[in-house]
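Undergrad: So the chains spell out like this:
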Amino acid sequence: GQQLNQSPQSMFIQEGEDVSMNCTSSSIFNTWLWYKQDPGEGPVLLIALYKAGELTSNGRLTAQFGITRKDSFLNISASIPSDVGIYFCAGSNLEYGNKLVFGAGTILRVKS
Amino acid sequence: SAVISQKPSRDICQRGTSLTIQCQVDSQVTMMFWYRQQPGQSLTLIATANQGSEATYESGFVIDKFPISRPNLTFSTLTVSNMSPEDSSIYLCSVGQGYEQYFGPGTRLTVT
Chain A
446 GQQLNQSPQS MFIQEGEDVS MNCTSSSIFN TWLWYKQDPG EGPVLLIALY
496 KAGELTSNGR LTAQFGITRK DSFLNISASI PSDVGIYFCA GSNLEYGNKL
546 VFGAGTILRV KS
Chain B
295 SAVISQKPSR DICQRGTSLT IQCQVDSQVT MMFWYRQQPG QSLTLIATAN
345 QGSEATYESG FVIDKFPISR PNLTFSTLTV SNMSPEDSSI YLCSVGQGYE
395 QYFGPGTRLT VT
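Note that the protein sequences, when read in sequence, are chains A and B. To get this note's numbering, take the position in the first sequence, counting from 1, and add 445. To get this note's numbering, take the position in the second sequence, counting from 1, and add 294.
The hints are simulated quantities; they were obtained by calculation from the structure and are not laboratory data. One or more of the hints may lead you astray.
[To be verified] DSS-like mimics (lysine-lysine), calculated; alpha carbons at most 30 Å apart, straight line:
#1 A:K544 - A:K515
#2 B:K359 - B:K301
#3 A:K544 - A:K496
#4 B:K301 - A:K544
#5 A:K544 - A:K556
#6 A:K544 - B:K359
As the structure is a prediction and not an experimental result, all values here were calculated from the model.
Using the sequences provided together with the hints, build the complete structure.
TA: Given below as structure tokens:
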């Protein structure tokens, strides 16, 4: 089946630092989505990307849809304690009937 | 985005029993999905809940184990049947809006 390789698996950073995580695949995707999941909650959609090369921001978050359509990255600037959580990338394409394929997640821990 | 609620939020069940999880959306939606998230893992799609017809199951999931109902465009249920400890997971419903999906808060199931 289709797989998304998400890295890093976990991060432990200082408050105020910038964070970067990415997802890659051997398949082409039409849509890339980035979610954040807090403990005991469902994933919350942060950013949606629809075009190759697209760069989209949501507050301190910035995500890009890779030119090859096989990758995406998410940046968080000036991290704060509430950024703690698990970040998932997800992609969809016609081959998979536009259903979502999820990455394994990046666990973000912030040292205050 | 749609507001999604799930019941129960958590449960502890005996092996061999069944649990039905409800998902309610505050607006009519065409696409509803059920996911499983095993401890420390990413999300895995169980099935697409189709209104007025049988659900479409992903590889590795069968109707006898995970029967799904979708009586209208705002409600769906997932039953976890004949439970074993391996079924201990978070079960999440989601709704599709365009190419995006929005998730409910999840049901945390522990099977003893």
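Undergrad: Determine for every hint whether it applies to the structure shown.
TA: Hints, one by one, checked against the model:
| no. | hint | verdict |
| --- | --- | --- |
| 1 | A:K544 - A:K515 | holds, 16 Å |
| 2 | B:K359 - B:K301 | holds, 19 Å |
| 3 | A:K544 - A:K496 | holds, 17 Å |
| 4 | B:K301 - A:K544 | holds, 24 Å |
| 5 | A:K544 - A:K556 | violated, 36 Å |
| 6 | A:K544 - B:K359 | holds, 22 Å |
The structure fails hint 5 only (numbered hints given earlier).
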